[in-house]
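Each chain, letter by letter, is given below.
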Amino acid sequence: MAALTEIEAAAPRDRLTRARVLHCGLAGGLVLACIASLQVGATDVTLSTMLAKLVQGEALSQIERVVLFDIRLPRLAMGLLVGAALAVSGAAMQGLFRNPLADPGIVGVGAGAGLGAILAIVLGPLLPVWVIDGVGNQLTPFAAFLGGWGSTILLYKVSTRHGRTSVATMLLAGIALGALAGALSGILVYIADDRQLRDLTFWGLGSLAGASWAKVLSAGPLIVLSIGAALMLGRGLNGLALGEATAAHIGIDVQRMKSIAILAVAGATGAAVAVSGGIGFIGIVVPHLLRLASGPDHRTLLLNSALLGAILLILADVIARVVIAPAELPIGIVTAVLGAPVFLWILLKRRGLVDL
Amino acid sequence: MRTKHDGFAAFLVIWTIMFGTFAALTVSAQQATDTQTPSADVLSIGGSVTEIVAALGQQHRLKARDTTSSYPPDVTNLPDVGYMRSLSPEGVLSVAPSLILSEEGAGPPEALDVIRAADVDFVEVPDALTADGILRKIEIIGAALDVPDRATALAAEVETALSAALADAERPETDRKRVLFVLSTQGGKINASGTGTAADALIRMAGGVNAVSDYEGYKQITDEAVGLAAPDVILMMDRGGDHGVADDELFDMPAVRLTPAAQTRSVLRMDGLLMLGFGPRTAHAIRMLNDALYGQGA
Amino acid sequence: MSLIAEDIRVTYGKREALRGIDLTALPGDVTAIVGPNGSGKSTLLSAITASLPFQGRVGLNGRDIGALKSWELAAQRAVLPQASRLAFPFTALEVVRLGLQSGTAGDKPEVPMQALARVGLAHYANRTFQELSGGEAQRVMLARVLAQVWAPVEGGQPRWLLLDEPVSSLDIAHQLQVMEIARDFARAGGGVIAVMHDLNLTALYADRVAILAEGKRLAFGSPTEVLTDDILSRAYGCALRVSAPPPQGVPYVLPHAAAV
Numbered sequence: 001m002a003a004l005t006e007i008e009a010a011a012p013r014d015r016l017t018r019a020r021v022l023h024c025g026l027a028g029g030l031v032l033a034c035i036a037s038l039q040v041g042a043t044d045v046t047l048s049t050m051l052a053k054l055v056q057g058e059a060l061s062q063i064e065r066v067v068l069f070d071i072r073l074p075r076l077a078m079g080l081l082v083g084a085a086l087a088v089s090g091a092a093m094q095g096l097f098r099n100p101l102a103d104p105g106i107v108g109v110g111a112g113a114g115l116g117a118i119l120a121i122v123l124g125p126l127l128p129v130w131v132i133d134g135v136g137n138q139l140t141p142f143a144a145f146l147g148g149w150g151s152t153i154l155l156y157k158v159s160t161r162h163g164r165t166s167v168a169t170m171l172l173a174g175i176a177l178g179a180l181a182g183a184l185s186g187i188l189v190y191i192a193d194d195r196q197l198r199d200l201t202f203w204g205l206g207s208l209a210g211a212s213w214a215k216v217l218s219a220g221p222l223i224v225l226s227i228g229a230a231l232m233l234g235r236g237l238n239g240l241a242l243g244e245a246t247a248a249h250i251g252i253d254v255q256r257m258k259s260i261a262i263l264a265v266a267g268a269t270g271a272a273v274a275v276s277g278g279i280g281f282i283g284i285v286v287p288h289l290l291r292l293a294s295g296p297d298h299r300t301l302l303l304n305s306a307l308l309g310a311i312l313l314i315l316a317d318v319i320a321r322v323v324i325a326p327a328e329l330p331i332g333i334v335t336a337v338l339g340a341p342v343f344l345w346i347l348l349k350r351r352g353l354v355d356l
Numbered sequence: 001m002r003t004k005h006d007g008f009a010a011f012l013v014i015w016t017i018m019f020g021t022f023a024a025l026t027v028s029a030q031q032a033t034d035t036q037t038p039s040a041d042v043l044s045i046g047g048s049v050t051e052i053v054a055a056l057g058q059q060h061r062l063k064a065r066d067t068t069s070s071y072p073p074d075v076t077n078l079p080d081v082g083y084m085r086s087l088s089p090e091g092v093l094s095v096a097p098s099l100i101l102s103e104e105g106a107g108p109p110e111a112l113d114v115i116r117a118a119d120v121d122f123v124e125v126p127d128a129l130t131a132d133g134i135l136r137k138i139e140i141i142g143a144a145l146d147v148p149d150r151a152t153a154l155a156a157e158v159e160t161a162l163s164a165a166l167a168d169a170e171r172p173e174t175d176r177k178r179v180l181f182v183l184s185t186q187g188g189k190i191n192a193s194g195t196g197t198a199a200d201a202l203i204r205m206a207g208g209v210n211a212v213s214d215y216e217g218y219k220q221i222t223d224e225a226v227g228l229a230a231p232d233v234i235l236m237m238d239r240g241g242d243h244g245v246a247d248d249e250l251f252d253m254p255a256v257r258l259t260p261a262a263q264t265r266s267v268l269r270m271d272g273l274l275m276l277g278f279g280p281r282t283a284h285a286i287r288m289l290n291d292a293l294y295g296q297g298a
Numbered sequence: 001m002s003l004i005a006e007d008i009r010v011t012y013g014k015r016e017a018l019r020g021i022d023l024t025a026l027p028g029d030v031t032a033i034v035g036p037n038g039s040g041k042s043t044l045l046s047a048i049t050a051s052l053p054f055q056g057r058v059g060l061n062g063r064d065i066g067a068l069k070s071w072e073l074a075a076q077r078a079v080l081p082q083a084s085r086l087a088f089p090f091t092a093l094e095v096v097r098l099g100l101q102s103g104t105a106g107d108k109p110e111v112p113m114q115a116l117a118r119v120g121l122a123h124y125a126n127r128t129f130q131e132l133s134g135g136e137a138q139r140v141m142l143a144r145v146l147a148q149v150w151a152p153v154e155g156g157q158p159r160w161l162l163l164d165e166p167v168s169s170l171d172i173a174h175q176l177q178v179m180e181i182a183r184d185f186a187r188a189g190g191g192v193i194a195v196m197h198d199l200n201l202t203a204l205y206a207d208r209v210a211i212l213a214e215g216k217r218l219a220f221g222s223p224t225e226v227l228t229d230d231i232l233s234r235a236y237g238c239a240l241r242v243s244a245p246p247p248q249g250v251p252y253v254l255p256h257a258a259a260v
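Residue numbers (this note's numbering), protein chains in the order written: chain A, 1 to 356; chain B, 1 to 298; chain C, 1 to 260.
Bound-form chain A, shown alone:
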């Protein structure tokens, strides 16, 4: 027994405990980020003055109401949803592909959504008038979602034979599908007019500026559902780190887990990209930082990714809208500018451990 006592003494600094502490810290951080997001903006309307007014029973001015309820709140909700969706999807894809550099783009979401958006922008005006009137501003996001979701499902079907999904086939087919979508997009770009081209450019950069309750309500439920499904994959993804065969040996239903992961990622990322355009780096940088902080255990990594992803995107959005106010930067630029250096640094620093 003496030997065992010694072992307990030398015992584990427990990364699991640290990850659980991080849950609380990040949840607190998220609350602060939300407050900051409601407090700061191009106008001098602030959350604190509005709350003071409400407490004293004064009515809010028209501008205050519009800024708070029609601009900052939907934007905050969208930032939260999109940030969490991108980060969780990144973590899930990295776990599924057993590669810390994987992102949802691998399963064709980006290419498909881009093609969908371009189709809607360029060919949308050719639709019958009643369709255009019916969907209104939602045509592009809707088409982007269909494109992203559809291409992922297509890839998944192509890569599944006899109930087994080959992750390697999916990767290769994804490259082919990406090239095809790129070529189709190129053709559409050629027939696009000047104004459509500009719309395309701004769609591609990604922004939360187009946030509206309509978008939050249409994308929100799917994102929440998908994140919820992804959060249950922790144990399975941990097992998968040992390889597919071993994961099965330790009792994981690998095929079921793959299906859930792919569907959840397609849903979350498809919806996120549809309402906000392409926002890079959250999906790769967030899980990486968290692995450095509290280890690769997916049971905690997924939830922490959701929290940190939401925090970072909300803060990036705050930066995007105050830096050159009254104009604003596309948020994709902010996340890329903040994310790219961190990402490069991680690669340099961890070169030995990033085992491809």
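Since the hints were derived computationally from the structure, they do not count as laboratory data.
These numbers come from a predicted model, not from an experiment.
Beta carbons are placed, not taken as given, at the ideal position from N, Cα and C, and that holds for glycine.
The reader is advised that the hints may include incorrect statements.
[Said to hold, decoys possible] These stretches of chain A come out as covered by chain C in the derived footprint (C-beta under 8 Å, 3 or more residues):
hint, stretch
1, 88–102
2, 231–243
3, 248–261
4, 289–298
Got chain A; can you put chains B and C on it based on the hints?
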């Protein structure tokens, strides 16, 4: 854990630098907001709209502008709400306009919905590629600013100048030069104007022929098509910089080398807003281009 | 209560890797599978662990493995693969915990440290897996497998260790250590099936030996019965002599003489 602290330290350092950059940007953006007249309450979106507001003598009422508004030069001192197609609703509201004058095509639509919800008057000024269109713009803006008399006077003035410039630029069809409008030459690929664009309209008004009539809008054109278009003159936007070097590069491009324009090294550069804005200065632009094409007083 | 494989056939494309193999392993025994390269040893183990499609039938403790869910299988048997690559920087202890969670000892948090101690790596608990040497990594994986089936007998049923070349990248001392662990597991009532390369270790530790050649079972029995000049020479395609001292002057080291 050592790596963890290193990780966060580096992350913080990089982030601090980024925040510094953003802060500097913010300060430079803020400086622009210092020169405001108290009575100003108009946000003008679109270069030609802003020009017309100024030509109506109402520049003192401008509170802010968009990125494309660069004339008269001192409007650039006003706060910039960004590019007209990607407006930020809160950014627009933050300059507290009571009237927004906008060229056609401002967006995104969600932003405009919110702005309208905040009880701000929003007047959309239709695009124009003709003399009549310019006059209509002046009329609409004059009405929105409640200076119809000034608008009538300006419209009359502009109309006279335009008809004179058009009449002077008119020439027999056989005598017209073929003009190729090149939007960009990025990566050795030429992006040229087809029909239906502001460039196409101006070229025709100034007594030239658009060398490309096979397609609409601005598109990349193949090297051989440039040769077939056989432009006598290449027209570009003036982006500053060393024109000598730029000309050498332009005429050295395989696509351009064989054109008549290259034989005579004929390239014209004009201010983009002056050429393509279709506002009060268009008569001037017509004369300038016509003079450059055919010589003074031709 | 045993592990019974009947008429196992596996084809890779057109090649028949296994051509109808029977194998019965009893709890309390270490059952070794030996044979030359390409004889189908690892393929047989993969079939027994349901890792690849096969024809035939595998019964585990009286139930067909095809009818069991993967978590039900995981509660009854643990599998040590030949080589293990790990995708993320988990620590040794975290890897062992992965095994614990899938077994039935999940409510015993002390088990992973005990399993690491069993393979002599308790002091490396907080090292990341990628920092370990090949041999250390293999022993950590063994600890993970042990944690999964920590009690060799549970609810009156034996549990099984299925090991694919468990000593392939170990030095001789650790080879003996690992084989001792396997034998102890069997002596405590569990079942062990190990694919082996080393005939000496097989002779020392196995209770039953199956010799495979060209996808068929050449012999099956106790080491003394099957490790004979004739059978081994046929299996490996070269003249072999069992228990013959080597020529004079060349030193030789056999695990038989080691003191653990």
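Review point. Which numbered hints turn out to be false for this structure?
Key: none
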